[in-house]
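Undergrad: Protein chains in written order, with this note's numbering: chain A, 1 to 138; chain B, 1 to 138; chain C, 1 to 138.
Think of the hints as simulated: they come from the structure by calculation, not from any bench. Quantities reported herein were computed from a predicted structural model and do not represent experimental measurements. A few of these clues could be false.
The list makes no distinction among identical chains, and a pair is therefore deemed to hold if it is satisfied within one copy or across any two copies.
Unchecked claim - Capping the alpha-carbon separation at 20 Å, the derived lysine to aspartate or glutamate pairs in DMTMM-like fashion look like this:
no.	residue 1	residue 2
1	K108	E130
2	K34	E138
3	K63	E80
4	K34	D84
5	K10	E130
6	K30	E130
7	K30	E105
8	K108	E80
9	K108	E14
10	K72	D84
11	K34	E67
12	K72	E130
13	K72	E14
14	K34	E5
15	K72	E138
16	K34	E14
17	K34	E64
18	K63	E25
19	K108	E5
20	K34	E55
21	K30	D84
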Amino acid sequence: MIITENISLKTNGECDVVNITHHVETELAKSNLKNGIVTVFVTGSTAGVTTIEYEAGLVTDIKEAFERIAPKGISYAHNETWGDGNGYSHIRASLLGASIVIPFENFKMVLGMWQQIVLIDFDNRPRNREVVVQVMGE
Amino acid sequence: MIITENISLKTNGECDVVNITHHVETELAKSNLKNGIVTVFVTGSTAGVTTIEYEAGLVTDIKEAFERIAPKGISYAHNETWGDGNGYSHIRASLLGASIVIPFENFKMVLGMWQQIVLIDFDNRPRNREVVVQVMGE
Amino acid sequence: MIITENISLKTNGECDVVNITHHVETELAKSNLKNGIVTVFVTGSTAGVTTIEYEAGLVTDIKEAFERIAPKGISYAHNETWGDGNGYSHIRASLLGASIVIPFENFKMVLGMWQQIVLIDFDNRPRNREVVVQVMGE
Numbered sequence: 001m002i003i004t005e006n007i008s009l010k011t012n013g014e015c016d017v018v019n020i021t022h023h024v025e026t027e028l029a030k031s032n033l034k035n036g037i038v039t040v041f042v043t044g045s046t047a048g049v050t051t052i053e054y055e056a057g058l059v060t061d062i063k064e065a066f067e068r069i070a071p072k073g074i075s076y077a078h079n080e081t082w083g084d085g086n087g088y089s090h091i092r093a094s095l096l097g098a099s100i101v102i103p104f105e106n107f108k109m110v111l112g113m114w115q116q117i118v119l120i121d122f123d124n125r126p127r128n129r130e131v132v133v134q135v136m137g138e
Numbered sequence: 001m002i003i004t005e006n007i008s009l010k011t012n013g014e015c016d017v018v019n020i021t022h023h024v025e026t027e028l029a030k031s032n033l034k035n036g037i038v039t040v041f042v043t044g045s046t047a048g049v050t051t052i053e054y055e056a057g058l059v060t061d062i063k064e065a066f067e068r069i070a071p072k073g074i075s076y077a078h079n080e081t082w083g084d085g086n087g088y089s090h091i092r093a094s095l096l097g098a099s100i101v102i103p104f105e106n107f108k109m110v111l112g113m114w115q116q117i118v119l120i121d122f123d124n125r126p127r128n129r130e131v132v133v134q135v136m137g138e
Numbered sequence: 001m002i003i004t005e006n007i008s009l010k011t012n013g014e015c016d017v018v019n020i021t022h023h024v025e026t027e028l029a030k031s032n033l034k035n036g037i038v039t040v041f042v043t044g045s046t047a048g049v050t051t052i053e054y055e056a057g058l059v060t061d062i063k064e065a066f067e068r069i070a071p072k073g074i075s076y077a078h079n080e081t082w083g084d085g086n087g088y089s090h091i092r093a094s095l096l097g098a099s100i101v102i103p104f105e106n107f108k109m110v111l112g113m114w115q116q117i118v119l120i121d122f123d124n125r126p127r128n129r130e131v132v133v134q135v136m137g138e
């Protein structure tokens, strides 16, 4: 059985780290499936999905890490194409990846105790985001 | 139901970014499945898969990003093992990841309007690549 | 059909790269499924999963790559929250990702000849790790 749902979120951009674990748990509970996978996929090319221990220190640290990996202040060819100034946002999103797959067993995702699912919005402005949560199982 | 197909591609290496969205859409259409996931997996350890807004500026930018993250010109222990000089290619591929999973709903992948699926070939020479596209759904 | 198994591993931390391909192959063989996906997911927020050509040179190279991407010696806000000194471990894990999905066809994963599945433990001390291997197919 397969259930596909959308989560709509307002984000602030600039490496906004949003804890979506509870949203995903809610969709899993609604599906009433016992075993399988949840696929979390963000539509758009300036945001990504991963897991992290969601606490204020690491939220700061991940922003600084992405600033080292794909700095905002350097030149991006993308900015000459569109002039929207978010070349760094696209590169960060492509590096992190748009999706994550989490197995669940006995109605519960196999996350660690401190391991949360997060959306990271890399865009250079606030956005309305759609995150697809698809539950597939039996 | 599960359908597994191979896409064969010629790539140029050196961070060649190949838009494979249409190939994946074709395999999804052939499956005639309505809801589920498409898994895109590249065999080999010097290429990866992600999503990006596929335009010439970002293709340039992603090459430069990988040159910062795992530079070609520094020393790699791998090159002493095999002498094939592509240590940077392996490292880039392992960082990006070999697979991506995209949900589809009502016969259509949930990609954003500008979000394309790309194979990035990091090897230091042209390659023939096999990309596995597996459609699982109902 | 869905089978969910746990692999228990002792790791050394500090970017310990552990080849788990054989463990995953064993779970796939036990499932007796012909076609589908294997999802490999590491619980916890200081380890990740990817594929690599598993040889000593690249094991060294990937450690050095992560030291460039998220250096151990710089300041992390996380370390002020908990004092456990593993902020860099968390950041590396979130960048690499906790899961990978590998299609299998005709009882065999579609890995390249030199492409192995590895757990990378980024924590700053030895750990007991649980890796979930879930086989879904028909």
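Undergrad: Hints first: check each against the structure and report whether it holds.
TA: Hints versus structure:
no.	hint	verdict
1	K108 x E130	between (23 Å within a copy, 16 Å between copies)
2	K34 x E138	both (6 Å within a copy, 18 Å between copies)
3	K63 x E80	between (25 Å within a copy, 16 Å between copies)
4	K34 x D84	neither (45 Å within a copy, 36 Å between copies)
5	K10 x E130	within (9 Å within a copy, 34 Å between copies)
6	K30 x E130	within (19 Å within a copy, 27 Å between copies)
7	K30 x E105	both (15 Å within a copy, 18 Å between copies)
8	K108 x E80	neither (46 Å within a copy, 32 Å between copies)
9	K108 x E14	neither (32 Å within a copy, 30 Å between copies)
10	K72 x D84	within (13 Å within a copy, 30 Å between copies)
11	K34 x E67	neither (40 Å within a copy, 40 Å between copies)
12	K72 x E130	neither (24 Å within a copy, 35 Å between copies)
13	K72 x E14	within (10 Å within a copy, 24 Å between copies)
14	K34 x E5	both (17 Å within a copy, 15 Å between copies)
15	K72 x E138	neither (45 Å within a copy, 43 Å between copies)
16	K34 x E14	neither (37 Å within a copy, 36 Å between copies)
17	K34 x E64	neither (39 Å within a copy, 41 Å between copies)
18	K63 x E25	neither (26 Å within a copy, 34 Å between copies)
19	K108 x E5	both (18 Å within a copy, 14 Å between copies)
20	K34 x E55	neither (30 Å within a copy, 39 Å between copies)
21	K30 x D84	neither (39 Å within a copy, 37 Å between copies)
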